[in-house]
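Asker: If you read the sequences in order, they're chains A and B.
Numbering-wise, the numbering used here comes out as the position in the first sequence, counting from 1, plus 1.
Numbering-wise, the numbering used here comes out as the position in the second sequence, counting from 1, plus 1.
Derived by calculation from the structure, the hints in this document are not laboratory data.
Note that the structure is a prediction, hence the values are computed from the model and not measured.
There could be a bad hint or two in this list.
Straight-line C-alpha distance at most 30 Å; calculated DSS-like pairs for lysine-lysine [what the hints assert, rightly or not]:
1) A:K270 <-> B:K176
2) A:K365 <-> A:K23
3) A:K157 <-> B:K270
4) B:K348 <-> A:K92
5) B:K176 <-> B:K348
6) B:K59 <-> B:K11
7) B:K176 <-> B:K196
8) B:K11 <-> A:K178
9) A:K11 <-> B:K267
10) A:K270 <-> B:K11
11) B:K59 <-> A:K317
12) A:K4 <-> B:K323
13) B:K24 <-> A:K270
14) A:K197 <-> B:K4
15) A:K4 <-> B:K23
16) B:K196 <-> B:K323
17) A:K11 <-> B:K323
18) A:K36 <-> B:K176
19) B:K270 <-> A:K23
20) A:K196 <-> B:K4
21) A:K392 <-> A:K312
According to the in silico footprint, chain B covers these stretches of chain A (three or more CB under 8 Å from chain B) [what the hints assert, rightly or not]:
22) 41 to 50
23) 72 to 86
24) 113 to 127
25) 204 to 218
26) 268 to 278
27) 284 to 290
28) 322 to 331
Where a beta carbon is used, it is the ideal one built from N, C-alpha and C, also for glycine.
Take a look at the letters that make up each chain.
Protein chains: 2
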Amino acid sequence: MAKINDNYLKLQGSYLFSTIGKKVREYEAANPDKKIIRLGIGDVTQPLVPAVIEALHKAVDEMGIAESFKGYAPDLGYAFLREVIAQKDFKDRGCSIEADEIFVSDGAKCDCGNIQEIFGLDNKIAVCDPVYPVYVDSNVMAGRTGVFDEAAGQFKDVVYMPCTSENAFVPELPKEKADLIYLCFPNNPTGAVIKKSELQNWVDYANKNGAVILYDAAYEAFIEEDDVPHSIFECKGAETCAIEFRSFSKTAGFTGLRLGFTVIPKALKLDGVSVHDLWARRHGTKYNGAPYIVQRAGEAVYSDEGRKQIKEQIAKYKVNAKIIAEGLKEAGYEFSGGINAPYIWLKTPGNMSSWDFFDLLLDKANVVGTPGVGFGPHGEHYFRLTAFGSKANTEEAMRRIKLL
Amino acid sequence: MAKINDNYLKLQGSYLFSTIGKKVREYEAANPDKKIIRLGIGDVTQPLVPAVIEALHKAVDEMGIAESFKGYAPDLGYAFLREVIAQKDFKDRGCSIEADEIFVSDGAKCDCGNIQEIFGLDNKIAVCDPVYPVYVDSNVMAGRTGVFDEAAGQFKDVVYMPCTSENAFVPELPKEKADLIYLCFPNNPTGAVIKKSELQNWVDYANKNGAVILYDAAYEAFIEEDDVPHSIFECKGAETCAIEFRSFSKTAGFTGLRLGFTVIPKALKLDGVSVHDLWARRHGTKYNGAPYIVQRAGEAVYSDEGRKQIKEQIAKYKVNAKIIAEGLKEAGYEFSGGINAPYIWLKTPGNMSSWDFFDLLLDKANVVGTPGVGFGPHGEHYFRLTAFGSKANTEEAMRRIKLL
């Protein structure tokens with residue numbers, strides 16, 4: 002008789018953003034006259050930039066003509082895209098990453114969720130707390146964790162690394178043994194960043210202990226300060242211990258277009274086996290490449306025109322981050338983030354629980370944010386706001402929050 | 002210390018089509034003057050139909066304007082697409098499948114590869130032999146099989162169901178216990194189809210034994226005979242034992258656009274747990290939806306204009322299938338398929354091995370096909386040709402094959 006994967010039964014509730022979506026839909030149904038402002042899920046609101054739109058139209062036209070029609074894409078991505086990524090995101094920053102170390106995909110969420118497959122079930126994972134739920138949930142599903150400990154609010158057999166205001170939301174090196182270490186900087190949900198010298202400590206630790214760092218750099222485009230690394234491969238020795246995830250979602254507003262990539266250096270080997278080859282095999286067997294038209298859109302992001310346009314787009318989101326920061330300051334909230342990241346991480350007033358604050362904000366201000374505890378127990382009493390709304394909505398949301 | 006998933010080391014060689022690609026590239030490099038015709042990998046060659054191109058341009062324009070811009074798609078697909086699929090592919094054929102039982106994805110290969118995740122590692126899988134490699138390889142990677150038995154040419158702890166000319170390439174019900182049964186009709190690679198009454202036997206068997214049928218109907222659009230079911234849900238009781246995979250790749254030439262869907266009825270439960278809910282959770286955690294513009298392209302396939310155009314496109318591929326069939330007949334080959342399917346399955350001449358015939362065809366006729374043994378040991382001495390080339394290329398390939 003067929004049996005389910007009962008690791009799925011260990012998962013808690015539904016995926017955080019599905020729960021939020023449900024709560025909001027229910028509130029909307031009960032209050033059809035209220036104008037809700039969403040500063041919750043990290044979705045962008047600005048349209049695709051003209052250079053991208055133009056590239057899409059051009060590629061669509063190619064698909065309509067036999068001579069230029071494209072069938073299956075190369076599993077690992079078109080050379081035109083992998084080469085421009087290697088040059089502009091890595092070589093231009095002094096990182097020696099080659100085009101064939103880049104795996105183009107339909108987004109960093111998929112890659113972050115799927116990467117654990119190529120590692121054995123007996124690896125111990127380490128994650129920040131709070132943390133983007135996908136890292137933990139994908140490992141729970143695979144059976145790489147124990148059951149959920151209700152009292153602790155955490156899964157057993159996972160190393161949680163607390164990120165609190167005391168350590169400026171940058172975790173200490175784990176004291177317990179950890180094999181696969183998930184790091185995300187600029188951080189989701191806290192908006193914190195890590196300095197290059199601090200990240201170098203992690204790389205050294207991983208190389209010394211034979212650990213692999215799974216480095217999520219999806220928010221890299223928001224970095225504006227000089228001593229903040231854009232890639233883990235800016236650190237010495239990262240090519241033997243790190244995998245990096247990148248996304249076009251927040252860089253260029255591709256959340257609805259789906260494009261990302263993963264960097265696995267050929268020098269990364271475990272017990273003599275190339276991790277790069279395992280991921281190539283996984284892609285070849287279970288994936289069929291990102292759409293040609295979307296890869297052309299990704300290429301346009303790197304053109305001079307495209308770069309200029311997405312820079313302007315990100316600048317607009319940063320104005321929103323400033324509006325949120327100033328509003329919170331005026332209203333007397335404690336918060337961090339929002340400088341090299343699109344996320345603002347605030348302390349709930351009066352030690353209110355994250356979900357109580359969610360309900361309060363939805364009910365009294367008609368503003369949707371993300372409860373910090375949804376990202377882990379150390380996110381309790383915190384709350385995430387994003388800078389991805391429109392300017393008018395962000396201003397209106399802050400006006401309402403100040404009135405609370 | 003981090004460890005790899007050593008199930009990957011059980012995999013044999015590289016993925017079949019990667020190996021073929023490599024052989025062809027090497028031959029091309031050594032013989033730059035030869036004009037190679039590809040009738041190997043099942044990739045289409047005709048451009049996207051005008052209705053699809055129009056829908057893509059329209060959707061691209063929407064993405065360039067703030068008011069109509071779309072960010073993250075619903076994880077499970079846009080309602081506009083799920084509803085038209087439910088109506089036209091299922092309800093119109095008398096299958097009671099609802100829109101919320103349809104999960105839109107970036108293609109059937111991904112879904113076929115990922116579906117095993119939601120089932121326990123202790124399930125025994127049954128596959129046809131020969132078989133599309135993804136079903137077996139994805140289970141090898143997960144650790145649901147034993148090691149590869151060199152002598153048998155098969156993985157241990159897998160139930161292989163021989164498909165031979167004796168059973169018209171439709172397997173017998175398995176005598177051994179099997180929990181997850183992969184079936185594909187119209188079949189890749191043999192081009193065989195199953196009659197509705199025969200498929201009903203499988204559904205009855207699965208319901209009786211608590212097995213789940215993973216039914217790959219990617220080639221459904223090629224069915225032209227009346228007693229051949231387009232969906233397993235045409236069979237009574239399939240909603241409690243079957244999952245169906247569909248693809249836009251061969252239906253509408255979307256191999257480079259990436260769109261497919263999986264149908265999981267809500268009535269399918271294992272030990273009281275809804276399989277539909279598990280897959281929804283998987284999608285919510287590890288997937289972020291197919292691109293909006295591609296889902297609009299999928300919708301256009303179901304418009305009156307779109308349907309007419311893709312029907313004409315498939316008719317052209319069927320002309321190629323006839324050209325291949327007639328050519329093989331003239332040249333004295335034994336073969337089957339090519340009527341309700343884009344694949345022709347031929348017996349190699351003089352009991353030649355599949356790879357020897359591959360090399361001969363590449364070397365002497367500069368035609369690329371797929372060695373039958375690449376799909377399993379019962380594919381040895383067979384060879385797959387596809388009808389997806391251009392008419393001129395198909396004619397030229399058959400002219401050359403006849404000269405062998």
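Asker: All hints are to be evaluated individually against the structure, with a verdict given for each.
Answerer: Here's how the hints hold up against the structure:
no. : hint              : verdict
1   : A:K270 <-> B:K176 : violated, 43 Å
2   : A:K365 <-> A:K23  : holds, 18 Å
3   : A:K157 <-> B:K270 : holds, 28 Å
4   : B:K348 <-> A:K92  : violated, 51 Å
5   : B:K176 <-> B:K348 : holds, 27 Å
6   : B:K59 <-> B:K11   : violated, 47 Å
7   : B:K176 <-> B:K196 : holds, 21 Å
8   : B:K11 <-> A:K178  : holds, 28 Å
9   : A:K11 <-> B:K267  : holds, 21 Å
10  : A:K270 <-> B:K11  : holds, 18 Å
11  : B:K59 <-> A:K317  : holds, 26 Å
12  : A:K4 <-> B:K323   : violated, 44 Å
13  : B:K24 <-> A:K270  : holds, 27 Å
14  : A:K197 <-> B:K4   : holds, 27 Å
15  : A:K4 <-> B:K23    : violated, 39 Å
16  : B:K196 <-> B:K323 : holds, 22 Å
17  : A:K11 <-> B:K323  : violated, 54 Å
18  : A:K36 <-> B:K176  : violated, 62 Å
19  : B:K270 <-> A:K23  : holds, 24 Å
20  : A:K196 <-> B:K4   : holds, 29 Å
21  : A:K392 <-> A:K312 : holds, 16 Å
22  : 41 to 50          : holds (count 7)
23  : 72 to 86          : holds (count 4)
24  : 113 to 127        : holds (count 9)
25  : 204 to 218        : holds (count 4)
26  : 268 to 278        : holds (count 4)
27  : 284 to 290        : holds (count 6)
28  : 322 to 331        : violated (count 0)
Violated hints for the displayed structure, listed by number in ascending order: 1, 4, 6, 12, 15, 17, 18 and 28.
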